[in-house]
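**Q** Okay, here's what each chain looks like letter by letter:
Number of protein chains: 8
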Amino acid sequence: MTIHVYLAGQIHDDWRKELKAAADKKNLPVTFSGPMENHSRSDGIGEEIMGDQPGPVYRDDAASQLNNLRTRVWLEKADIVVALFGEEYRQWNTAMDAGAAIALDKPLILVRPEKLHHPLKEISQKAQVTVETIDQALEALAYLFADE
Amino acid sequence: MTIHVYLAGQIHDDWRKELKAAADKKNLPVTFSGPMENHSRSDGIGEEIMGDQPGPVYRDDAASQLNNLRTRVWLEKADIVVALFGEEYRQWNTAMDAGAAIALDKPLILVRPEKLHHPLKEISQKAQVTVETIDQALEALAYLFADE
Amino acid sequence: MTIHVYLAGQIHDDWRKELKAAADKKNLPVTFSGPMENHSRSDGIGEEIMGDQPGPVYRDDAASQLNNLRTRVWLEKADIVVALFGEEYRQWNTAMDAGAAIALDKPLILVRPEKLHHPLKEISQKAQVTVETIDQALEALAYLFADE
Amino acid sequence: MTIHVYLAGQIHDDWRKELKAAADKKNLPVTFSGPMENHSRSDGIGEEIMGDQPGPVYRDDAASQLNNLRTRVWLEKADIVVALFGEEYRQWNTAMDAGAAIALDKPLILVRPEKLHHPLKEISQKAQVTVETIDQALEALAYLFADE
Amino acid sequence: MTIHVYLAGQIHDDWRKELKAAADKKNLPVTFSGPMENHSRSDGIGEEIMGDQPGPVYRDDAASQLNNLRTRVWLEKADIVVALFGEEYRQWNTAMDAGAAIALDKPLILVRPEKLHHPLKEISQKAQVTVETIDQALEALAYLFADE
Amino acid sequence: MTIHVYLAGQIHDDWRKELKAAADKKNLPVTFSGPMENHSRSDGIGEEIMGDQPGPVYRDDAASQLNNLRTRVWLEKADIVVALFGEEYRQWNTAMDAGAAIALDKPLILVRPEKLHHPLKEISQKAQVTVETIDQALEALAYLFADE
Amino acid sequence: MTIHVYLAGQIHDDWRKELKAAADKKNLPVTFSGPMENHSRSDGIGEEIMGDQPGPVYRDDAASQLNNLRTRVWLEKADIVVALFGEEYRQWNTAMDAGAAIALDKPLILVRPEKLHHPLKEISQKAQVTVETIDQALEALAYLFADE
Amino acid sequence: MTIHVYLAGQIHDDWRKELKAAADKKNLPVTFSGPMENHSRSDGIGEEIMGDQPGPVYRDDAASQLNNLRTRVWLEKADIVVALFGEEYRQWNTAMDAGAAIALDKPLILVRPEKLHHPLKEISQKAQVTVETIDQALEALAYLFADE
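Residue numbers (UniProt numbering), protein chains in the order written: chain A, 1 to 148; chain B, 1 to 148; chain C, 1 to 148; chain D, 1 to 148; chain E, 1 to 148; chain F, 1 to 148; chain G, 1 to 148; chain H, 1 to 148.
If we strip away everything but chain A, and leave its shape as in the complex, we get (with noise of 0.2 Å):
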């Protein structure tokens, strides 16, 4: 029995990469999905797919669309959510994506140092597991299909 994952957080370094590749070492049963990586073309898709728009707002807004619609199907068909926080970046989609997770009741992996506790406790405190780093993310998925 295969068990999909939704990997939430900031696409600016290729974290969901080594997870991918780890999970592929270890051999388990799991497929992921998550938001586009591509940070520029996450930006532009509205205006690529509906073309030019009257500024940027409206920009955001065609975009917004786009990546909502992808990242609402592979949510939606997730088993396990992980939420990766780290110390840069706003990350509010990462924390509406926990939200998400939490009110649709789908397990919920917070990754974050442990020095952003405290702005993260409430998120924390839902969160099904919480750990510091994707090697412990990785552990948690792997008990799941531990014999002994």
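Think of the hints as simulated: they come from the structure by calculation, not from any bench. C-beta atoms are modelled at their ideal positions from N, C-alpha and C, and glycine is treated no differently. Warning: the hint list may mix true and false statements.
Calculated lysine-lysine pairs in the DSS-like style (CA-CA distance at most 27 Å, straight line) [said to hold, decoys possible]:
#1 B:K77 <-> A:K77
#2 C:K77 <-> G:K20
#3 G:K17 <-> G:K115
#4 A:K26 <-> H:K17
What follows is a list of derived Cβ distance ranges for each label pair [what the hints assert, rightly or not]:
#5 H:H12 <-> E:H12: 57 to 67 Å
#6 E:H118 <-> F:E18: 25 to 35 Å
#7 D:E76 <-> H:G55: 26 to 36 Å
#8 B:G86 <-> D:H118: 27 to 37 Å
#9 C:D52 <-> G:D135: 50 to 60 Å
#10 H:H118 <-> D:E48: 40 to 50 Å
Computed list of chain B residues with no C-beta within reach of chain C, every gap over 12 Å [said to hold, decoys possible]:
#11 K20
#12 D24
#13 D79
#14 Q136
#15 F145
The hints should help you fit chains B, C, D, E, F, G and H onto chain A, whose structure is shown.
**A** Only chains B, C, D, E, F, G and H this time, still in chain A's reference frame:
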């Protein structure tokens, strides 16, 4: 992971076949469903199965039982609903299907010529994505599977 | 025990006021809600609250945000939805509201002239009750409270 | 018919009191709830009720249990959620509450200065209404009850 | 706190009135609803509101639209459903209402003479409580409010 | 895409086998399930598994636990429910299953001889399709997969 | 706005009365419900209403029908569930109610002496709040209504 | 069509392995899941993944995060839940899982020695099937697939 897409909209030309052929060319892992596109069979399916009815209202009601059986099952299985509005026909079924998709929390891709924006403005505002052409709808679907 | 009824349909004449007055006369324990019936305010409410927009599509989108806020809240609170279709206007919002009511498992009373039966046959088949006049819709509501 | 509104957002100034006072002036049939606005009590409520904890992470976790108890109950009872974002603070709870509201199909009114549009574009696109000031949010609420 | 009870079952004698009178005597905070108990009005309500129909099947269908409108609304509002089966009549509506109550997770009190146990064994096993008399059903309701 | 169909109705003749054989001939991508059709095993399954019971009511209750386990799981997995009523037997389980299907928003195909229309009129009005023969039910299923 | 709280737990002492009296003193807008606290009536309610049963298992089953009727209705109406575990008794009903509350997304306040933490660790981790005394549970309820 | 079964209950002997082996022998199309059966790993999994904790309550809480992650995902995927109670251990997790299964409308098979009937009477009454041995539970599963 495969996505199932329900294609709501009028049944008077071949727009569904074009969309499916274009999706095939892109090798998207997407399956499609929709209403019966043979218009006269759709109107006559009630009498075809249930026999003669005592008048046009009853003939219509019998046909609708079968058409709604088909569309309820497929729309319920959809991950995404595409609703196409054109300048002809009343298309109340399309609007009803759009309302059902939104109420069932299934993302809606609305396709309509810009000149129809005003009468469709409330549907558009509830849709996840609003575009003007079938090609744009297909690009939106392709974006779900894009790696970069 | 009070019943709340949402009145979907066009906003170009006084059919809602007539229905409410007739319900009052019968002392039915029913409350009513519906969209903003002042058509020009409904079209302009976006700019009224949010200020000028960069064109008619954006003006419409702003208005729809507010109109949909209103109708989502009231339709969600409804025990029954009445949807009135007439021979004029496209009435796509009415069909969308009908689809939402059905998907949310709220009983739908469809009011339409018999000559519109064919284009409305699928909505009619999903409706709980189909009638031709507002008076008949009111009698249907009164039947909920009849002792004998 | 009364509407209950949950007020998500930071707790460092009196924006909730201002909104409530303005709603009172308009005699809107609206009740409001939200998180504890006394910041130090909110941070210390865990130790206040449960006694000393073995360190700041545990102190935060105890407080979050109580804060989340309060906000879960009130958000669950809300017909509408207002989420206010400002330029200071990380405001991850606000984004999490916004995500929960959307997932629970409760209409969200997003209030944010236009300069924050870019980082909030995906939340804005999922919100029912996006405005820039508390007064505009109040006008949106008033529109639910407007007769004309 | 008041409990609403829907009374499913045949409409050929006064069992509902007796139950309501007995509940009144005990001052239970319970309200009751059920189908139209005037049998000929129930059978004719379709033609009464919608006018003549082209035959008995159509007459029945019109009546059922109205009867189902009434029972859907009241059963949906119920906290508990009582279903009474007797030795006469086919009572398929009673069994359908029992199935709906169970599927909607509303506790069902089944009332039937013991000699009907065999044909009702599957319904009985899904019911919350199975008794033989209306008085026993009332005692079960009273037990909800008993302090000791 | 495969459809699963639950076959509710009496278990005294081979109607399910006939329907399955006819579906096989048409190569429909449909799977079927239903209650245990061996009547004496169905009545005795409680004592077969749990041992002797202290009387016929208890024997029935034990059997019903197992019969309901089987039918709950399969009905829950169904995309469509077919309910067959004949002129013999009380068939209260069939009506209960029909009520459950409707409440769970699964389309119901009602099969009954026209002479039973009156006592089944409310179930018929809630059914998605009403027909008179098993062949017609099969044609209705086939219509889901028809291309033209 | 009033909150309804269901009090799960053993019925062998007066902890519910103490909690209610303390809530009254604080004038909290909270109502309470729970199982029948008269232990011998709770065990005998089946035979009291349904008459003699053929042995202790059947006596227990009859009583449970009534006890579960009562607790299902009240737990369903609860905004918050309090579950109290002590050092005596098996208290499996308390754990079952806790599991139901969590599955129904109702916030759970777990009250248990610290020495029971180990066997209750999984329930505690799913609870919204874990405390050691009834007074602490009451303070948690009071915090919902605190202005500062 | 395959059925997934979640096996709730104590983890101190090999009852799950025996049940799986017996199901394999019968070639039942059933898959199984359950909690981690290595008791010391289950108790220590929190510190294994998250590192040292400041005391036994915190060690337990860390372990519970992981154990609940595992059991939530598998119980959510189950079509049927089997809950085994024995005479040793408090088994509160088993009762919590039983409560969750019932609240999520998943059929529960309760396995317990008859002498435990009294303290388990309310769980038994809510269970779909109550038996005394693992073999009987397996026969109940086999009955789902029996043709005659």
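**Q** Next step is simple, just say for each hint if it's right about the structure.
**A** Right, here's what the structure says about each hint:
Proximity of K77 (chain B) to K77 (chain A) is assessed by CA-CA distance (about 13 Å); at most 27 Å being required, the pair is judged to hold. Note on K77 (chain C) and K20 (chain G): the hinted pairing is violated, with a Cα-Cα distance of about 33 Å set against a maximum of 27 Å. Proposed proximity of K17 (chain G) and K115 (chain G) is supported: the alpha carbons are some 25 Å apart, at most 27 Å. At roughly 24 Å between alpha-carbon atoms, K26 (chain A) and K17 (chain H) fall within 27 Å of each other, so this suggested pair holds.
Our hint of 57 to 67 Å for H12 (chain H) and H12 (chain E) holds, since their Cβ atoms are close to 59 Å apart. With their beta carbons about 27 Å apart, H118 (chain E) and E18 (chain F) fall inside the hinted range of 25 to 35 Å. At about 34 Å, the CB distance of E76 (chain D) to G55 (chain H) agrees with the hint of 26 to 36 Å. G86 (chain B) and H118 (chain D) have their C-beta atoms about 35 Å apart, which keeps the hinted 27 to 37 Å range intact.
The beta-carbon spacing between D52 (chain C) and D135 (chain G), approximately 58 Å, falls within the hinted interval of 50 to 60 Å. The beta-carbon spacing between H118 (chain H) and E48 (chain D), approximately 42 Å, falls within the hinted interval of 40 to 50 Å. Distance check on K20 (chain B): its Cβ is at least 23 Å (rounded) from any Cβ of chain C, clearing the 12 Å threshold; non-interface status holds. Listed as outside the interface, D24 (chain B) is consistent with that label: its C-beta sits roughly 29 Å from the nearest C-beta of chain C, beyond the 12 Å cut-off.
The beta carbon of D79 (chain B) sits about 16 Å from the closest Cβ of chain C, which is more than 12 Å, so the claim that it is off the interface holds. No Cβ of chain C approaches the Cβ of Q136 (chain B) within 12 Å, the least distance being about 15 Å, so the stated non-interface status holds. No Cβ of chain C comes within 12 Å of the Cβ of F145 (chain B); the nearest lies about 28 Å off, and the non-interface call holds.
In terms of the numbered hints stated before, the structure departs from hint 2 and from no other.
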